[in-house]
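Participant: Whenever a hint applies, use it, and build me the whole structure from the sequences.
From first to last, the protein sequence lines are chains Y and U. Under my numbering, the first residue of the first sequence is numbered 44, with each subsequent residue one higher. Under my numbering, the first residue of the second sequence is numbered 136, with each subsequent residue one higher.
Source of the hints: derived by calculation from the structure; they are not laboratory data. Model, not experiment: these values are computed from the prediction. Backbone N, C-alpha and C fix where the C-beta goes; we use that ideal spot for every residue, glycine too. Warning: the hint list may mix true and false statements.
[Stated by the list, open to error] Heads up, simulated SDA-like pairs for lysine to any residue below, C-alpha to C-alpha not over 25 Å straight-line:
hint	chain 1	residue 1	chain 2	residue 2
1	Y	Lys-338	U	Asn-308
2	Y	Lys-240	U	Glu-418
3	Y	Lys-338	U	Asn-404
4	Y	Lys-80	U	Leu-275
5	Y	Lys-338	U	Glu-300
[Stated by the list, open to error] Incomplete in silico selection of chain Y near chain U, CB under 8 Å:
hint	residue
6	Leu-229
7	Phe-231
8	Arg-337
9	Pro-341
10	Ser-347
Read off the chains here:
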Amino acid sequence: MTTQNVARLEEQYFRPPPQPVRPLRAARATRNFMVQKPLGGFGVILIAVVVLVAFLAPFIQRYDPDEVFSRDNPDYDAELAEKSLEDRSIRFLYPPEKFEKTVVASVDGISAGHWLGTDTAGRDVYSRMVWGAQLSLLVGVGAAIIAIGFGLFFGIISAYFGGWVDMLIQRLTDTLQAFPALILLLLFLQVVENANKYHMTIALGIVGIAAVIRVVRSAVLRARSELYVEAAQVIGATDARVMVRHILPNIMAPTIVIFTISIGSYIVAESSLAFIGFGDPAAISWGKMVNEGRKLFPASYTMSLVSGGAITLTVLGFNLAGDALRDVLDPRMRGAGKSGF
Amino acid sequence: MGRYALRRTLVNIPVIWLIATLVFFATNVLPGDFVARRIAQQNPAGGEDTTAQVAQIKKDLGIDKPIAERYTRYLWDVVRGDLGESYRSRQPAISEFKRGAPYTIQLSLMMLVVALATSVPIGIISALRQDSLVDYVLRLLAILGVAAPNFWIGTMLLLLVVRYELWTIDLINSPLLWEDPLRSLQLFILPAVAGGFASGAGIMRLTRSQMLEVLRQDYIRTAWAKGLRERVVVVRHATKNAMIPVLTAIGLTVAGLLSGNVVFEYLFNIPGVGNRILTAITERDVPVVQAFVLIIATFVVFVNLAVDLLYGWVDPRIRLS
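Facilitator: Structure representation (structure tokens):
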């Protein structure tokens, strides 16, 4: 049977009549979701805020995030400094801070000039917080896309063919999941010298594949025994065609759910790495800021508090939205979809 | 049961081989780095031709041979129980691991105690008082606990204790429980609470949803109808069955504690396994990294195996399918 014939038969027996996509319907669906699932709606709002902040970072920052601020030095002694210009030996008789007119504005608390104070290097914490949203989203969404792409591919193949293919992929999954996620990440990041945020995204995506394979595989196993798959095979559709046109659309619900929830896990994993000093040294990361904020203790704790709080709210947003999506799209999946971080 | 156990155990042999292979190749892609570091230490001025030195050091460390030969040798050594020796200290990597293990074990056990002591009772209470104020507050805490990064909770707890001078924390000597119980508790209680709360939150949510599901079953209604007391119905009839899936979550938590430990050992300067792995990775001390990761991953495999077997034992439906 030729492909055209298969396509025609599919058209005849499987395709529902095409429905025009009306913007009004999408809006109504969104409103219904928000009303039915207020917690999920709250999650969506949190995500929207983070996305907005990330995209508008250049406009809502108050200063360049790398600009170093200084302030007047209370110990500065103008008379002494002037004398030292003529007689340099004076510099050795007094403590060095007497000769500096300004110092780095480190450990400056909350003020109108710096809403969230400044960090140890005298940079504006608020402006850095705003840019931190970009890194979290980039790494989180990027890693989730990589993990879903590969996870779908291997998960569908594993469950559809079964036998030794399934066995092999399952053992590989077991292997990946035997490593504590953070240690596997460190291992992968070791392979490249001076890992940057893109390496980190890829490493996170690879580590996340195993969990996606698990979810996809069990969904495909359910779908494979359905009548429509058998029917497609009977009318002569190739394996590739059955997998892409018949199975894939039917496992989208659990895939979307694990995509949403896993983004939160990747964001936490990235910030954990940054916290222990293995993040991208050039990037502004909330996790790194929690750690840097420790150096301001006990004079100021704002930086650690707000950067960690930002991670929490972002992850909370993705978790709540994912939970609500699961209830709406795929109630059977309750309790599944932990991605292991 | 015997056949089920045997099958589940045999499946793990190729997994452990794959783990060893992955560890070997991941750590051997950049073997030159440790040598470069060593050279820089011996010859800080630089400038000289160091080719001969590099060759000599590589020979000393046994990394001058082709990678295939080293791989087979590595596997053979692992089978014999020899996990190599540290490039840096020239001592067996396993003894390095043994020095760190007590700290990590103490920390993990304390975390697990906190996690279980809070999550399981709270999950049950939350399910029994479904949709009450107590339930909402507890669920909110659990949702926040899942979302909040454990290192942030740890940092904030540390700040709290330092700022209000609640007690002194010995961040330099890291005493163990049997060396100096009080000082050890003062230090370890913070990561134990932070880590226990973070991993317990997930268990709590699962306990609650499982309890709700079980409480709706017919045999529970029968138990109520027989006039049994609430305690008997909850403890003997409901909890027993609700705990089956929770077992898996606890297994995952035990395996995951090691990941959390890396962060807490770093934050609280505890010289455990996690902190030593970080040092070894920074210094590219390949044998130590290999040995540590292999031991940890094998441990996780066996924890998962134990959970699977336990699962099959408590729920006959699983081992018969």
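Participant: Looking at the structure, which of the earlier hints fail to hold?
Facilitator: none
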